[in-house]
Structures are given as structure tokens and as C-alpha cells.
Amino acid sequence: MSRFLFPRWSNALLPFVLVVGAIAPLYVTLLVAYGFSPKTLEGQYQPVQPVPFSHALHAGKLGMDCRYCHNTVENAAHAAVPPTQTCMNCHTQIHRESPNLAKVRDSYVTGMPIEWIKVHKVGDYAYFNHAAHVTRGVSCVECHGRVDQMEVVHRAQPLSMGWCLGCHRNPVDHVRPPEAVFELWKDTTTTWSKDERLGLINRFDIHPNEYCSTCHR
Amino acid sequence: MLPKFPKILVYGLLVGGSLALIPPVAFARMRATPSPNRPIHIFYDMDFQPKFKAQAPNPLFADGRAMRPIADGAVARGEAYADAHMDEGVVEGQWAVTLPAQMEMSTATLERGQQRFNIYCSACHGYAGFGDGAVNKRAMELVANAAGPVNGTQWVAAKSLHDETTRNQPMGQLFNTITHGIRNMAGYGAQIPTQDRWAIAAYVKALQLSQDAPSAK
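Protein chains in written order, with the working numbering: chain Y, 15 to 231; chain W, 491 to 707.
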């Protein structure tokens, strides 16, 4: 019975095996951390909406205020997506016969809602509140990106717990005077100096907390 | 001097090494490009619970709405009919000329009115009320299109609030216009709460005074 002998070159292989053996777990760990993070799995979600509604046109070019349509955002946890009636304030006349608006007209006639696909969603076990943020000087742009430049809305942020806490721990870079909350084109860190923002935090006593029960209730 | 490794091993390592670059690049691409194929749920946790959040769909109802529309004749809390002045802008059969007793003519009211006017009215009537809002301008362009109105657009110019006829309207009549709309303008009764509509009416009066003051002419 002949014994198996490692070939001579396998001696030189040993250091390689050690190096690869050390790198491989590191590689896998980093890959999972990077690839399975909410930024990769949840960010940039951009569903195809039933009506080709453009924020870049309405909120950008036509300069409409977010609250014209999302009119509950200052008072309620939920930022209401507007009912068909809101679109029809204008579209009974403007682009009256556009095929792009066929579903809106149908919905207006039948009373059935337009089935907008929800873009932003946190797990059902977490609680989020728009009014608590918007009235305290956190702009839409901090969480939704430049919606006023989006043809189709997509998720600009991962909406993960780590992301929520990132801001709750360090709100200084994310607050602005409450009257500028809807001015998405202003960049928070460059428009207001750090001192001004610190002033706001003190003046309005803005202290977002990290107690689990704030968001898991 | 390295001993001679079998070719297959060398190539294997090279190929494996380069293949290892693909996943990170793919993930980086995912992070950067919007796509309808997200979010990817690896663990469902309790992300989707058998409960209905605001504006969520519910297949049990014919119209698919989990949030039920208000039944005819039902009155929501805080929206009970107060009196003819507050809810209709009428005092003893005439348009009211003052704010209802529940509200106070103050800087705060006017500022609120200005803010709400800029949200809901400026798109058509312009910030100063001259009827030069971005939506109005664009609609006029669509109507004036050389090859005929685009998509059958019809548009009556949003009136300048400084017109002879509008300038002399009492506050109650303005309130009524905002609530129910007028001719080609839609009503905003469903979108704007009562007190805010009064604040807007008061602000429009102030705007008219400021623009029509003899010194401004």
C-alpha cells in the first residue's frame, strides 16, 4: 500500500493557506456587513407607481409646498398621501384629457382610491411620528432626500434603527429653524452655522431620546 | 525562489481572487441605483403584522380602504357646527366682516394666515395675490400652445386678489370662496381646517389693504 505524500511545493503553500485562511473570514464578515446592511437591502427602493406623478414637476418646478398635498404632516404621525380630490383641484382643467391621468379621473368618478405603492416603511413593531420631527425643525430632506428633484420617489435613507439613533444621538447636524423645514433646497450644515444650530437645540430644548419605548411601544 | 506550483492552482487562485471582487461591486451598485426590487427582507421579524396602519389597504372592504371614509352626516370630533359666522361666514344674512368670536385678530393669526396662504393659494394666485403663481403661468402656457391646448387643458386665469371686485369683498365671502370654491376654483374646505381658512381670509384682507394702500399706487 503506497502512502500518500504531499508534493514538495506544498511546503511553500503553507504560508498562502494561512494568509487566505485569515483573509477569507474577514472577507465574508465585511461582505455580510456591507451587503446585508439595510443601506443595501432597503435603500433606494423605487417602486413603479400607478400614475407617473412627478415631485420634480409639482414640488420642484411648480414650487408647490409639501403641505398642499401632505397636509397632515405637521399634526399627525402619518403623512397622508393626498386623496384624488387634491389632484382634481387642478386636473379637472389642466391636462384634462392626458392619458397619464386616466387612473386619477377613474378614481374621481368611481370613488375607488388610487393604489399608490408605499415607498417608506418601518417595521410594524416600530413607531414613527412625523409631527414630532417636522415641528421640531427636522426637515423632510434629512430623511427623504431631495424629493423636490425626484421624478419618481425613492428611499434616500435606509430607515434602519441604527440610522434613527444616529440622528437621535447627534441632532445638531440635522436641525434647522422650524420655518425652513419645507425648504428642501437648503442644506442644513452649510446654510446654518453650528452655533446657530446649537442655539436652536438649546432654545427649543430638542433632546431626542434613545429609550426603547420611544419607538417600540 | 518559489517552487513550481501546479498551473491549475495558480489560475484557480487568480480566478477565485477576481471573482471575490464581484459581490462587493454588485452591492456597491445596489446601494447606488434605485430599483423596484427592494426592500429585500432576509428575516421578516415582525415587519408585517396583521394590523392596519393609516392609509393601508384592506381587502375586506369593496373600496379597499382600511381607513373608512366619514359616513354621510357624521361629524368628526372638533368639527361640530359652531355657528353661522364660524362655519359659513354669515352674520344675520350678510357676509361677515370680522373674524368669528372664537378667533382673535392678532399678528399670530395673520402670520398663520400668511403661512397657509403661501401653502395653499400661492401656487395659483402668487405670493402677493396678483394671480401670477407658477401653476397659473404654466396653465396659461398650456392653453396658449400653438398647436392647440395640450391634452385639452382649459384654464381660467386665477384672479388677482387685488381686482376691483375681489378687493371689496368682506372677509366672510372670502372664507366662503376658500371653503366651497368658486366657478373654476376648487373648494378647500376638506383640505384646510376651519380656523386656518379664517386666518387665510384675514391675511388676504391684509394683503389687499397693503397692496391697495394709496402709498403703494
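Heads up, some of the hints might be wrong.
Pair ranges (Cβ atoms, derived) [claimed, not checked]:
(1) W:E601 to Y:K200: 19 to 29 Å
(2) W:A516 to Y:E165: 22 to 32 Å
(3) Y:L40 to W:G554: 44 to 54 Å
(4) Y:E129 to W:M595: 40 to 50 Å
(5) Y:Y225 to W:Y571: 35 to 45 Å
(6) Y:K200 to W:G506: 41 to 51 Å
(7) W:I532 to Y:P66: 43 to 53 Å
(8) W:K497 to Y:F142: 40 to 50 Å
(9) W:P513 to Y:I215: 39 to 49 Å
(10) Y:T204 to W:Y571: 44 to 54 Å
(11) Y:E129 to W:Q592: 36 to 46 Å
(12) Y:E197 to W:L699: 21 to 31 Å
(13) Y:E165 to W:K543: 52 to 62 Å
Straight-line alpha carbon distances no greater than 20 Å define the calculated SDA-like cross-link-like pairs of lysine to any residue that follow [what the hints assert, rightly or not]:
(14) W:K627 to Y:H72
(15) W:K541 to Y:V133
(16) W:K543 to Y:A91
(17) Y:K75 to W:K627
(18) Y:K135 to Y:H230
(19) W:K627 to Y:D79
(20) Y:K135 to W:K497
(21) Y:K117 to W:K543
(22) Y:K117 to W:P547
(23) W:K497 to W:I512
(24) Y:K208 to Y:P185
(25) W:K497 to Y:N25
(26) W:K541 to Y:P185
For the record, the hints were derived by calculation from the structure and aren't laboratory data. Keep in mind the model is a prediction, meaning the values are calculated, not measured. Just so it is clear, CB atoms sit at the ideal spot from N, CA and C, and this is done for glycine as well.
Do the hints match the structure? See the list:
1. W:E601 to Y:K200: 19 to 29 Å: The hint (19 to 29 Å, Cβ to Cβ) holds, given that E601 of chain W and K200 of chain Y are roughly 20 Å apart.
2. W:A516 to Y:E165: 22 to 32 Å: Check passed, 25 Å falls within 22 to 32 Å.
3. Y:L40 to W:G554: 44 to 54 Å: Given a distance of about 50 Å, which is inside 44 to 54 Å, the answer is holds.
4. Y:E129 to W:M595: 40 to 50 Å: 45 Å Cβ-Cβ, so the 40 to 50 Å window holds.
5. Y:Y225 to W:Y571: 35 to 45 Å: holds, 42 Å
6. Y:K200 to W:G506: 41 to 51 Å: With Cβ atoms ~49 Å apart, the hint holds.
7. W:I532 to Y:P66: 43 to 53 Å: violated, 31 Å
8. W:K497 to Y:F142: 40 to 50 Å: For K497 of chain W and F142 of chain Y the Cβ distance comes to about 58 Å; the hint is violated.
9. W:P513 to Y:I215: 39 to 49 Å: holds, 41 Å
10. Y:T204 to W:Y571: 44 to 54 Å: holds, 50 Å
11. Y:E129 to W:Q592: 36 to 46 Å: Distance hint for E129 of chain Y, Q592 of chain W holds at roughly 40 Å.
12. Y:E197 to W:L699: 21 to 31 Å: holds, 28 Å
13. Y:E165 to W:K543: 52 to 62 Å: violated, 27 Å
14. W:K627 to Y:H72: Answer holds: K627 of chain W to H72 of chain Y is near 13 Å, not above 20 Å.
15. W:K541 to Y:V133: Holds, at roughly 18 Å.
16. W:K543 to Y:A91: holds, 11 Å
17. Y:K75 to W:K627: Holds, because 12 Å separates the two Cα atoms, which is no more than 20 Å.
18. Y:K135 to Y:H230: holds, 15 Å
19. W:K627 to Y:D79: Satisfied, since the Cα-Cα distance of roughly 17 Å is no more than 20 Å.
20. Y:K135 to W:K497: Given that 20 Å is the threshold and the Cα spacing comes to 52 Å, the pair is violated.
21. Y:K117 to W:K543: Given pair K117 of chain Y, K543 of chain W is violated - Cα atoms ~24 Å apart, limit 20 Å.
22. Y:K117 to W:P547: The given pair, whose Cα atoms are some 17 Å apart, holds under the 20 Å limit.
23. W:K497 to W:I512: violated, 23 Å
24. Y:K208 to Y:P185: holds, 11 Å
25. W:K497 to Y:N25: holds, 16 Å
26. W:K541 to Y:P185: With Cα atoms ~32 Å apart, K541 of chain W and P185 of chain Y exceed 20 Å; violated.
Hint compliance for this structure: hints 7, 8, 13, 20, 21, 23 and 26 are broken, all remaining hints hold.
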